[in-house]
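Q: Please build the complex by placing chain A on the supplied structure of chain U, with the hints as guidance.
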Amino acid sequence: MPVSDADRRIARLAALAIGLTLAEAALPSPVPGVKPGLANIVILLVLLQHGWRTAAWVSGLRVLAGGLLLGSLFAPGFWLSCAGALVSLTVLALARHLPSRHFGPVSLSVLAAFGHIGGQLALVGVWLLPGAALIKLLPIFAAAALVFGTVNGVIVTRMLAAPAPAGRQSAPCTLP
Amino acid sequence: MLLRAGDAAVLLAGTGLVVALTLYAWGGVQGDTAVIRAAGRVIETTSLAHARLFSVNGPLGTTQIEIQPGRARIARDPSPRQLCVKQGWLTQSGQAALCLPNQVSLEIRGRTSAYDTLGY
Chain U
1 MPVSDADRRI ARLAALAIGL TLAEAALPSP VPGVKPGLAN IVILLVLLQH
51 GWRTAAWVSG LRVLAGGLLL GSLFAPGFWL SCAGALVSLT VLALARHLPS
101 RHFGPVSLSV LAAFGHIGGQ LALVGVWLLP GAALIKLLPI FAAAALVFGT
151 VNGVIVTRML AAPAPAGRQS APCTLP
Chain A
1001 MLLRAGDAAV LLAGTGLVVA LTLYAWGGVQ GDTAVIRAAG RVIETTSLAH
1051 ARLFSVNGPL GTTQIEIQPG RARIARDPSP RQLCVKQGWL TQSGQAALCL
1101 PNQVSLEIRG RTSAYDTLGY
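Protein chains in written order, with the numbering used here: chain U, 1 to 176; chain A, 1001 to 1120.
Okay, chain U solo, but in the shape it has when bound (with noise of 0.2 Å):
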């Protein structure tokens, strides 16, 4: 089977939410699962420029590479990812037909990021923390999906916003 162009773009932007995957793995974090979500920044501008189709393969991609190369590939961790990412992209197939006239990025990003951790912490109450513990911790990751959804968001409108570099070689991209 011949390699098209998109799946070299879709390679392409899957190592970089890959290396933003790993470079967060190496931030230490006051709680267990609190992250920045970086990677989400890309599946975002993903989804924007490419479409879902692209995004979702780029989310799979990097959730099987992030496993792979942070040593928990099929361990919970790694189910997790899968759960998160996957009511994540179906968050976000549902919501990109918002009016993009009233609805920007920064909305894209904090419904995903709700869904991630919705997707995560459902996973943890049905699977590994079945029973009351989970409620307690809630609040927490409610208000880190909220903050670093907006945060990410935020990186997302103003990637958007600014001007394409020149000299590219192949499909439009506004990453670095």
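Honestly, the hints are just simulated from the structure, not real lab data. Some hints here could point you the wrong way.
With the Cβ distance kept under 8 Å, some of the chain A side facing chain U (calculated, not the full set) [what the hints assert, rightly or not]:
{"id": "1", "residue": "Leu1003"}
{"id": "2", "residue": "Ala1005"}
{"id": "3", "residue": "Gly1006"}
{"id": "4", "residue": "Asp1007"}
{"id": "5", "residue": "Leu1011"}
{"id": "6", "residue": "Leu1012"}
{"id": "7", "residue": "Gly1014"}
{"id": "8", "residue": "Thr1022"}
{"id": "9", "residue": "Ala1025"}
{"id": "10", "residue": "Trp1026"}
Under 7 Å between C-beta atoms, here's a sample of chain A residues computed to sit facing chain U [unchecked claim]:
{"id": "11", "residue": "Leu1002"}
{"id": "12", "residue": "Arg1004"}
{"id": "13", "residue": "Leu1083"}
{"id": "14", "residue": "Val1085"}
Don't be surprised by glycine CBs; every beta carbon is placed ideally from N, CA and C.
A: Chain A alone, transformed into the frame defined by chain U:
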């Protein structure tokens, strides 16, 4: 433009969700019943609906318990250090004020108790 009208609405809704979750997860359960004990025995179980005053006798003297709608406190106690009086008003289910020297205790209960049992 960084934020559009819908974005502001989404952020507002998100903030609302966080606040609601915080209240739901961390807010205590409002108590609706006061249980007064002397020397370990329950001598009065009363609702927190109406203002009332109780006087309970212990080994040191009389402890006064004041009940107001939604809250209760030890108003006066002969204990030397006044710890239970200094606790002030109790409102949440599971809160308790103990006057150990006079062997009087006041405990607030709600529909759901925060703890199964407390040992002192």
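Q: Indicate, hint by hint, whether the structure satisfies it.
A: Hint-by-hint comparison with the structure:
Interface hint status for Leu1003(A): upheld, as the beta-carbon distance to the closest one in chain U is roughly 6 Å, under 8 Å. A distance limit of 8 Å between C-beta atoms decides the matter here; for Ala1005(A) the minimum to chain U is near 5 Å, and the interface restraint holds. A hinted interface residue such as Gly1006(A) counts as satisfied when its beta carbon comes closer than 8 Å to some beta carbon of chain U; here the least separation is about 4 Å, so the hint holds. The restraint placing Asp1007(A) at the interface with chain U holds, with a minimum CB-CB distance near 4 Å, inside the 8 Å limit.
Residue-level restraint check for Leu1011(A) holds (minimum Cβ-Cβ distance to chain U is 6 Å; threshold 8 Å). Of the supplied interface hints, the one on Leu1012(A) is violated, with its beta-carbon coming no nearer than about 11 Å to a beta-carbon of chain U, more than 8 Å. Evaluation of the Gly1014(A) hint against chain U yields a held restraint, the C-beta minimum of about 5 Å falling below 8 Å. At a threshold of 8 Å, the smallest CB-CB gap from Thr1022(A) to chain U is about 4 Å, leaving the interface hint in force.
Because the closest C-beta pair between Ala1025(A) and chain U is about 5 Å apart, less than 8 Å, the hint holds. The restraint placing Trp1026(A) at the interface with chain U holds, with a minimum CB-CB distance near 6 Å, inside the 8 Å limit. Taking 7 Å as the C-beta contact cut-off toward chain U, the hint placing Leu1002(A) at the interface holds, the least distance being around 6 Å. Below 7 Å, beta-carbon pairs count as interface contacts, and Arg1004(A) has one with chain U at about 5 Å; its hint therefore holds.
Given the 7 Å rule on beta carbons, the hint for Leu1083(A) is violated: about 29 Å separates it from the nearest Cβ of chain U. Hint status for Val1085(A): violated, given a least beta-carbon distance of 32 Å to chain U, over 7 Å.
Consistency with the previously given hints fails for numbers 6, 13, 14, ordered from lowest to highest.
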